[in-house]
Amino acid sequence: MDPKVIPNTPKHASSSQIPPPPFSLFIPTNNLIAMAMAIKLPLILLFFSSSLIPTFSLFEDQVGLMDWHQRYIGKVKHAVFHTQKAGRKRVVVSTEENVIASLDLRRGEIFWRHVLGANDVVDKIDIALGKYVITLSSEGSILRAWNLPDGQMVWESFLSGSKSSKALLTVPANLKVDLDSPIIVYSGACIHAISSIDGEYLWKKDFASEGSVDVHQLILPGGSDVVHAVGVTDSSQFDTYEIHIKNGGLLKHTSASFPGGIYGEILPISGDRFVVLDASRSVLVLITIENGQIHLEQTHISDLIHGSSGNTVILPSKLSGIFSLRTDNGIVFIKVTDEGKLNVMEKVDKTVVISDALPLSEGEQAFALVQHGDGKIELSVRLVHDMSSNHLKETVKMDHERGFVHKIFINNYVRTDRSHGFRALIVMEDHSLLLLQQGEIVWTRDDGLASVIDVATSELPVEKIGVSVAKVEHSLFEWLKGHMLKLKGTLMLATPDEVAAIQKIRLQSSEKSRMTRDHNGFRRLLILLTRAGKLYALHTGDGRVVWSTLLQSLRTTSQQCAGIKLHQWQVPHHHALDNNPSVLVVGRCGLSLTSPSALSIVDAYTGKELQNMGPVQHSTVQVISLPFRDSSEQQLHLLIDADKRAHLYPTTPEAAHIFQRESENVYWYSVESEAGILRGYGVKKSHSSDTPSEYCFETRNLWSVVFPSESEKIIGTVTRKPNEVVHTQAKVIADEDVMYKYISKNMLFVATVSPKASGPIGSATPDESVLVVYLVDTVTGRILHRMTHLGSQGPVHAVLSENWVVYHYFNLRAHRYGMSIIEIYDQSRAENKDILKLIVGKHNLTTPVSSYSRPEVTTKSQSYFFTHSVKAISVTSTAKGITSKHLLIGTIGDQVLALDKRFVDPRRSLNPTQADKEEGLLPLTDALPIIPQSYVTHSFKVEGLRGIETVPAKLESTSLVFAYGVDLFHTRIAPSRTYDSLTEDFNYALLLLTILALVVAIFVTWVLSERKDLQDKWSWPQTQLWLQSSSEQRLLNICSTPVNMFVNQNR
Amino acid sequence: MEQLDLDHSVPVFHIDRLSLQLLLMEKGKGVMGSRKWAVDFTDNSSTPSTRDIPDPPGFTRESLDLDDSSLSRQKKDAESNWKSQKAWEVAQAPFKNLMMMGFMMWMAGSTVHLFSIGITFSALWQPLSALQGVGKVFEPYKDNKVDLLAPKLLYIALNLGGMLLGVWKLNTLGLLPTHASDWVSSLPPAHEVEFSGGGIALH
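In order, the protein sequence lines correspond to chains A and B. Okay, so the first sequence: first residue is 8 according to this note's numbering, each after it adds one. Okay, so the second sequence: first residue is -5 according to this note's numbering, each after it adds one.
No wet-lab data here; the hints were simulated from the structure. Take these hints with a grain of salt, some might be off.
Unchecked claim - Which residues of chain A face chain B? A partial, calculated answer using Cβ under 7 Å:
| id | residue |
| --- | --- |
| 1 | S677 |
| 2 | V739 |
| 3 | N753 |
None of these values were measured; they are calculated from a predicted model. Ideal Cβ positions, reconstructed from N, Cα and C, are used throughout, including at glycine.
Looking at chain A on its own, in the form it has when it is part of the complex:
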């Protein structure tokens, strides 16, 4: 959908963008506020935003000017090379973000890409017939074929099974059955044969009737019409089935019992040999099928490898005749001889990663192993039949920040001298993807950015004073040149080449990507925490990666550590200006909530880990950023552990002192979704004897809100953004009346549905499903407001800002999505309407409020239909909170839609009065309009959209928007238009020229008028006198001549 891009008009096509304006008209907000006192602010705003509904439509040549879009795929799980044709060499990959993509092998660019969605996990991929990419997804229940060159879907088959099982996919290379090549799929405890041409069902063999067999491998011996399925029943019996490939008929079934039980997967060694570990992981079982009989042979691992312990795993790399075993000490290659003997061939380091075998020519197979060294990796390719020597060995320099190699896929090509060359695709610890060829990194992709967990922002460093004169001259020259070009464009004198140059200048303006703080606050660093535990800093100007760091604190332990939260740690503003801003990363080492946590503080300018506090002893279930700062402007944080104890950071006596001073007003709450309970806690001032340190505080339960479990289940909560700025507490409505907003940071929105309706849409009837929403004060546990939506259900997406909450849900009765708004007003302040008292300042409007004073509140609410289903909702935020707000809605189509908050105003009515109209209230409609021009993502899609972050710029009118998912998108929007600055395409050259021309004109006309005046003066008395008398005229003639002469001499 690209309704945004309006066909290029000649005028705008030629209007150009020059390096951003060196100055812009900026009304300091203080002045604005002062103005607002005297003159009414709404009127001023009305004055500025002349049109009723501002939209963000932009012209085609404005795309990329202040927005950028980056496409990623995520961590690669499988890769299949397609290099048969000489033309476009490509690799097809599937990733953990459920993306299938075709990448260019030369540059790493995406040819095509499909994001399958969060619950359509890709199990296997392969290439069939040399032209289709086959994907098996959703636990083997969906089989799709995609056209290899362009990614169009060719066919799709749904495979139904009797029960869930693992999914296996086999695409026979040279198998023809009645002019068709079947694809053999095992899923849902059935073997399916699917035609690869059109996805038709050929046959199905259900294994549910054969007992609870679990098939591990499907093998198609070359040249036969039989499919071998090897499986295990109840982990104590091996089963092999031979199935006819034409009709699915069972030919043979053999089984052998193995009382020891098995661990892991059966790995095929050759066509009739398999290997597996027993349940104790200390015995290798070699399975040989001979003449329809199964022979089992057990070998103790300790006999093969001396001094190995229990953590043994068979690696799934399929190498013919060889298998690899990973123990605590390293990886061992074991060869299976023809007689069924196991011979240890080689031991390598534990960190070595092994690829699958790659068939080279007749009977020859190669595989690659990667060894990690210091600042480099060693890639070696070996031939399976000749393990003793490396066929190829390359050493490649590797960035430390990429971590270890996680996966390797190899592919070969034939060199001009007919020898084999190899290229390797490696997946690193930070989820990046690299292609190695001839000892060099051909390309890299930072695909870790596809799995952003949390976002923080940071200012850029202040510009150093003292720029060289040459630089200034150069930039001035560039600036002038750009403006002259732009002027030419405006006057339509530019040639096509110049138009292209103008566009290039606009897009690659060096100004927007500089590494210094700018006046308008558009340039920032976006700090992104990814699932791989890597921190990236992206520049908002052009989206480039400024620095990236793999957090060492998350890698130190053997356990799986992952980052979970990112917080601002230090934002130097007034004091400690020498310090760089820093962020706090909270991670968890382990999968359960009680696992120990890892903390790390990272410099936001350089990416260096300033402090590595991990792993710490306590667990972390909540991170609370307190509104207090110590003298070095470090933000105080409370980390709540699983035992409901509060741990204070930073662990300094000063911080402890500040916290103890304020602790009686610090509360925290927990939402227990499973139990349906909200609990509020207070922090005990003194730490008792059993707390481990002086920075650990006990908490006590103050209140609980228990939702009845039979009728309500919590499906969503939302609070206000802690850094949101609210400009005013009063809302001026029609007839100059005032309503006082109930503005509290301690307000929590909770949505519950009846348990029956907690499933997907359609799982409950309208009568069964009830959606209840609450506004809860989290200090006292008081329920401020409760509202019931009958016949509605989740999923609920909500956003809470200032004194309102907007939420999105599904209305079952109307079969449509709905959106509702609740605005909450403070009734206890409503009496403050006496002007005299307000003028002299006798009011209670600025006195601090306590939640325990139980202010009386009233609410207003309204509901509307909304066409789209929603993935995320956010709201714009500006520096002072004066500018009107827009809701940013992440639609199901992975776009971001900006919806004016005025559309969701509970005071809208069907027939607005004149006063309402003047106030700007829109007439009530049942559905919220979707204006195609207001998609902020215009023609882009943020695939797999998960979140939308807004950051205020310094310019009050503007808000920076960052949307993330598999893709990243950034732009800036001005909800009330840029009333405080000149537009981007303002032509300064034209303005200067006009001023210059005017000044010249003034001088010229002044000189001309002077001359005219003088002439008039001289001619005027003469003519007059001529009329008076001839004698006088004569006299004058006599007198004037010498006088004139005299004057001239005097000069």
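Let chain A serve as the given structure and place chain B on it in line with the hints.
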């Protein structure tokens, strides 16, 4: 006695005597700038500087002066009458202005835009500047015999009326802080005593 009453910048001629005077050229624009010299023909006939010529017989300078004084009294009465009449006229002048202003305000409408704001502010400014210059306006009509108080009061009252009209217009435009909303619309939210944070357990 003949006097040519031309423009001031023009040399004035007199037949009897002729004197020539050079004037310093004044730098600058305008009429004065172009005057580089002037011929000053002073009329010395009425001054008794030419005492060497005796008065004709039967001519008494005193009787002429006496006659002149009664004549000048008459003249002065007429002048003061004329002055008071003029003063009243001046005092009533703002009324016309007021009417015109009212009409223009009515034309401007009650929405805030450049035109209406301009008119309103000129409606406020004009009476203000006029009130500042009350003394100056009535300066030419200052006389011992003329009572300027009443015209001045009328003048002030009319101007105040004009100003009120401007203020009223300002109010209809909604630019006067006469409502509670004007005083609270920029009040920041009250500080909260308690702080609470938390949420669903992180996973």
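Return the status of the interface hint for A:N753: holds when the least beta-carbon distance to chain B is below 7 Å, violated otherwise.
Because about 4 Å separates A:N753 from the closest Cβ in chain B, which is inside the 7 Å limit, the hint holds.
Take the shortest C-beta to C-beta distance between A:S677 and chain B; is it under 7 Å?
6 Å, holds
Evaluation of the interface hint that places A:V739 against chain B, nearest CB under 7 Å
Interface hint status for A:V739: holds (4 Å vs cutoff 7 Å).
The structure agrees with every numbered hint stated previously.
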